[in-house]
Structure formats: structure tokens, C-alpha cells
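Top line first, the protein sequences correspond to chains S and D. By the numbering used here, the letter at position 14 of the first sequence is numbered 14, and the numbering carries on one by one without gaps. By the numbering used here, the letter at position 148 of the second sequence is numbered 413, and the numbering carries on one by one without gaps.
There may be inaccurate statements among the hints.
[Claimed, not checked] Below, simulated BS3-like cross-link-like pairs (lysine-lysine); rule was C-alpha separation at most 25 Å, straight line:
no.	chain 1	residue 1	chain 2	residue 2
1	D	K432	S	K26
2	D	K365	S	K31
3	D	K432	S	K178
4	S	K131	S	K113
5	D	K358	S	K27
To be clear, the hints were calculated from the coordinates, so they are not data collected in a lab.
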Amino acid sequence: MSIIIPFILIAVIGALLGFGLAVADKKLSIKKDEKLELIEASMPNANCGGCGFAGCSAYAEAVYTHKAPIGLCSPGGSALAKKMAEIMGEEAVEMEKKTAHVFCSAVPAKEGKDFQYQGIEDCNGASLLFKGENSCKEGCIGLGSCIKVCPEGAIKRREDGSLFVQRELCIGCGKCEKICPNHVIRLVPSSQLFFTDCNSHAKGAEVRKYCEFGCIGCGICEKKFPASGFKVDSFLASFDPKAIDISQAGDAMAACPRKVIKKVE
Amino acid sequence: MSYLAIFLTYVFINNFILVQFLGLCPFIGVSKNSESAIGMGLALTFVTGVTSVVCWIVYHGVLVPLGLEYLETITFILIIAALVQLVEMVIKKISPSLYKALGIFLPLITTNCIVLGIALINITESYNLLESFVSGVSAGLGFTLAIILMSNIREKLDLTPVRKVFKGVPIAFISAGLMALAFMAFDKALLSNLHLA
């Protein structure tokens with residue numbers, strides 16, 4: 001018996017309070033505008049914060065009150081932008097879907113090191129100490145801060161230890177871009193297929209010393225295939241997605257002596 | 266104890282933040298600007314006042330007659346959680362801007378140690394109903410006093426050149442420690458000197 005009375009008592013108090021709250025919720029409910037509710041309903045609810053607001057509902061409200069432009073939500077993409085524009089009665093904005101990409105293909109085991117880092121497993125922490133243990137001060141530090149921050153688990157490690165982004169999973173929120181101390185991982189247009197997987201602006205001879213993967217800035221891609229969209233600037237080749245002749249990009253990839261140029265399938 | 270003595274006890278002598286170190290989360294979290302600090306303080310004062318009364322009534326009206334005094338903690342938690350939800354609804358309705366400024370800290374009042382602490386202290390000190398109400402409001406006002414002082418200090422600190430390693434929360438913690446030292450000046454002797462105890 002003695003156990004039943006406290007059980008009933010707590011249950012009764014709980015039920016009374018619950019009932020009271022239910023009544024108060026009805027009495028004190030705030031009428032939301034239909035438009036706002038429609039926008040909120042169409043949000044992807046990833047709550048990634050890529051738009052710069054605290055969450056999906058915060059961004060929905062900002063759009064509703066004209067405090068933020070339509071089209072900041074990368075998980076929602078152009079479909080959401082269109083829908084929002086429809087609800088708000090504005091003109092639709094074309095927006096390009098973006099994907100993260102790791103601009104470094106160095107294999108950690110084969111990289112030249114200045115010293116051995118034994119601190120906490122965090123790129124920003126390692127970066128505080130002489131910009132990390134790798135001799136290459138602009139490449140991937142490799143401790144995987146981006147992996148930890150990615151809400152979708154889209155950043156993966158290859159067997160050799162280097163990182164890559166699984167494109168189907170990436171929602172383009174840009175959290176990895178923000179946390180990477182070396183800005184090795186960046187958002188690129190999803191349509192872009194060719195990349196130079198290196199972030200080092202060091203001179204060719206220097207790169208050769210500690211990295212067998214990096215771009216040496218030889219400029220073969222730019223000189224031999226001027227229409228390929230590749231351009232070398234301060235010893236680092238980069239690819240302009242608005243390239244004139246995409247077939248030349250493939251040739252440039254084949255001609256690259258360091259095999260830094262890669263194509264994403 | 267007289268009501269004035271209870272008031273002085275919980276605002277100064279046993280200030281929950283600066284002497285008993287309870288409920289520090291919103292004290293650091295919401296003290297960045299004085300406007301939201303005042304809002305938070307008043308919201309908490311309202312909650313402590315109401316919960317003190319309700320918890321006292323439930324304890325003496327329900328738990329004592331049934332001989333279930335040992336259920337006080339869980340019952341009080343239940344009551345506090347529901348009341349905070351109610352306060353949240355009311356603030357959302359009355360002042361959306363205050364609701365936004367308080368943000369996550371409003372639901373956090375649910376788990377604020379001061380609210381539960383003062384409800385339990387009312388029982389152990391065997392206050393009557395009115396005394397419980399006064400102690401509840403005083404506990405909230407003590408918190409409000411501490412957080413307003415803190416927010417003013419932090420607003421000043423924002424304009425002061427502080428060394429980079431101390432910028433932000435570290436210097437806030439150091440200031441809080443110094444404030445706690447200052448509050449040690451308030452002693453139980455204050456009550457006897459004022460012929461209140």
C-alpha cells in the first residue's frame with residue numbers, strides 16, 4: 001500500500017499540472033501569420049546554421065520580415081528558394097547548389113614533418129603550435145575537425161588517411177569551411193568537376209622537398225591548354241568552373257606532371 | 266524571523282549567486298547587457314516567488330498530511346518545471362523581444378538551483394506561508410541584484426582594454442570572484458547589529 005499512495009500522488013500532481021499547461025497553451029497561443037507558417041513548413045529543418053541564423057525557424061522569420069534575402073539556405077537549394085519566393089510573392093532567385101571540397105590530397109604518412117604533435121585531436125589546436133606538425137603549412141592538418149563539425153557525416157577519410165567529401169551527403173552548409181584553420185576545405189559549385197587538390201602557395205622546389213602530391217606551379221596546364229580554365233597564381237594552379245573548353249580540362253589533367261589535377265566522378 | 270531579516274538574509278548575507286554559488290549558468294550567460302539581465306532577474310524573481318508559495322502549500326497541504334515528506338524534492342521539481350513553462354508562455358505572449366533576449370536561459374530556469382534551493386530552504390527553515398513568499402522573492406531579488414551589477418561591470422569591461430587572454434568570459438569570472446569577496450562583508454552579525462535576529 002505504502003508505495004501506491006506516493007505513486008498516485010505524483011501522477012495526480014503531474015496530470016493536474018499537465019492539464020493546466022494545456023489550457024494555458026490554448027489561452028496564450030500566439031497567432032502566427034499564414035505565410036510564416038508556410039515558410040517554416042517548407043524549411044528542410046536541418047538546422048545547420050549555414051544561412052547565418054540560429055536555425056531554420058529563425059531564418060524563416062527573417063525572410064518573412066524581409067530582414068534576410070531568399071536563397072541563403074543551401075540544403076533547401078533552388079527548390080526552396082523558388083517556394084519561398086512563391087509564398088512571399090517575390091521573384092525567384094536562381095541559386096547554385098554548393099558542395100564542400102578538400103583542396104589537399106596529401107597522404108599523412110608520406111608527408112614531411114617538422115616535429116611530432118601530441119596535443120588534442122583538433123586542427124585549430126594543432127594550428128596554434130607553429131601551424132601544425134606538417135612541413136606544408138597550408139595543407140590539410142588531418143586531425144579531422146571538419147569531420148566532427150559536419151552535421152551530415154559527409155566528410156570521410158580514405159584508407160591512406162587523407163580526407164574527401166562524399167558529394168551526395170554534403171548539404172553545403174559551410175561549417176567545415178569555417179572551422180578549417182588553413183581553409184583547405186571550401187565550398188565550390190556542385191557542377192564543378194575538376195580540381196587542383198593542393199592549397200600550397202610555396203615554390204615548386206620547396207613543395208617537392210616535403211610533399212609528393214602538391215602543385216609545384218609549373219604552369220603546364222595553363223600554358224599548354226589555355227582554354228582549359230586552369231590558371232597558375234603564386235605557384236598554385238586553380239580551376240575556373242566557367243572554363244571555355246571542358247574537354248581541354250581533361251587533357252590538362254592528363255598532362256599534369258604531379259597528378260594534382262583530379263576529376264570528381 | 267522578521268520579514269526584513271529574511272529579505273536581508275537572501276539578498277545580501279546569503280546571496281544565492283555571490284555567497285552560495287548556486288545558479289551560476291544564467292549569471293554568466295545572460296549578463297552581457299543590462300537589459301536582458303534585468304529581464305532575466307525579474308523572470309527568476311517571479312518564478313521563485315510563485316514556486317515558494319506553491320511548493321509550501323503542496324508540502325504542508327498534501328505531503329505532510331500523507332506522511333510523504335520524503336517526496337518533497339521530486340514534487341518541487343515537477344511544480345517548478347510546469348510553472349516555468351507557464352512563465353515562458355506568458356513572456357512569449359506579453360513581450361516577444363524579452364523572450365528572444367532570454368533565449369535558451371528561460372527554459373534553463375527550470376533547472377536553476379536557486380528555484381529548487383529556496384523551495385527546499387523554506388521547508389528546512391520551517392517558514393510560514395508569508396515568510397516563504399518573502400524569502401522566495403528575496404532570493405530572486407538577490408539574483409537580480411547580482412546579475413545587474415555583473416552586467417554593468419561587463420558593459421564597462423567591453424569598453425576597457427583587456428588583455429587578449431582575459432577577454433570575454435575569463436575576465437567576467439574574475440570580476441565575479443571579486444564581487445563574491447566584496448559580498449563576504451555581509452555577515453550574520455549584520456542582523457544582530459540591527460537587532461533583527
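Okay, the hints, checked on the actual structure:
Only pairs whose Cα atoms come within 25 Å are accepted, and K432 (chain D) paired with K26 (chain S) is rejected, the gap being roughly 45 Å. Pair hint K365 (chain D) plus K31 (chain S) holds up; C-alpha atoms about 17 Å apart against a cutoff of 25 Å. Restraint check for K432 (chain D) and K178 (chain S): satisfied, since their Cα atoms lie roughly 22 Å apart, inside the 25 Å limit. Taking the CA atoms of K131 (chain S) and K113 (chain S), the gap is about 12 Å. The hint holds against a cut of 25 Å.
Of the supplied pair hints, the one linking K358 (chain D) and K27 (chain S) holds, its CA atoms being roughly 10 Å apart against a limit of 25 Å.
Hint compliance for this structure: hint 1 is the single one not met.
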